[in-house]
Amino acid sequence: MADRDRDRNQPQEIQLLHPPPHYRQTGPSTTQIVAVLTLLPVGGSLLALAALTLTGTLIGLSIAIPLFFIFSPVIVPATIAISMAVAGFLSS
Numbered sequence: 798m799a800d801r802d803r804d805r806n807q808p809q810e811i812q813l814l815h816p817p818p819h820y821r822q823t824g825p826s827t828t829q830i831v832a833v834l835t836l837l838p839v840g841g842s843l844l845a846l847a848a849l850t851l852t853g854t855l856i857g858l859s860i861a862i863p864l865f866f867i868f869s870p871v872i873v874p875a876t877i878a879i880s881m882a883v884a885g886f887l888s889s
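Take any residue in the sequence shown, note its place counting from 1, add 797, and you have its number in my numbering.
Don't read these hints as lab results, they were simulated from the structure. Incorrect hints may have been included.
Unchecked claim - With beta-carbon atoms standing in for the labels, derived distance ranges:
(1) L887 x V833: 53 to 61 Å
(2) T835 x G857: 30 to 38 Å
(3) L836 x A878: 47 to 55 Å
Every residue gets a Cβ at the ideal spot worked out from N, C-alpha and C, and that includes glycine.
Let's have the full structure, built from the sequences with the hints guiding it.
So this is what it looks like as structure tokens:
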């Protein structure tokens, strides 16, 4: 019991494996600035291309869906006939 109290009252020595650096970093490095300046236009242009693709897809769907409804009496039997022909060809 006395040994435990004596060990508790003695200061512990702490050894740092990696002492903290003694320099001060004031801002981003040159490499980080160049990376941001390079990636901002690239990211912006890719975002613009994605927006154009989405817009084109929505315009195409708004045109195609009414045409599918108008021509569905022709499209549905043609699809059935083509799928039966393909199934017959694959089974022969």
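Okay, which hints does this one fail, numbers in order?
none
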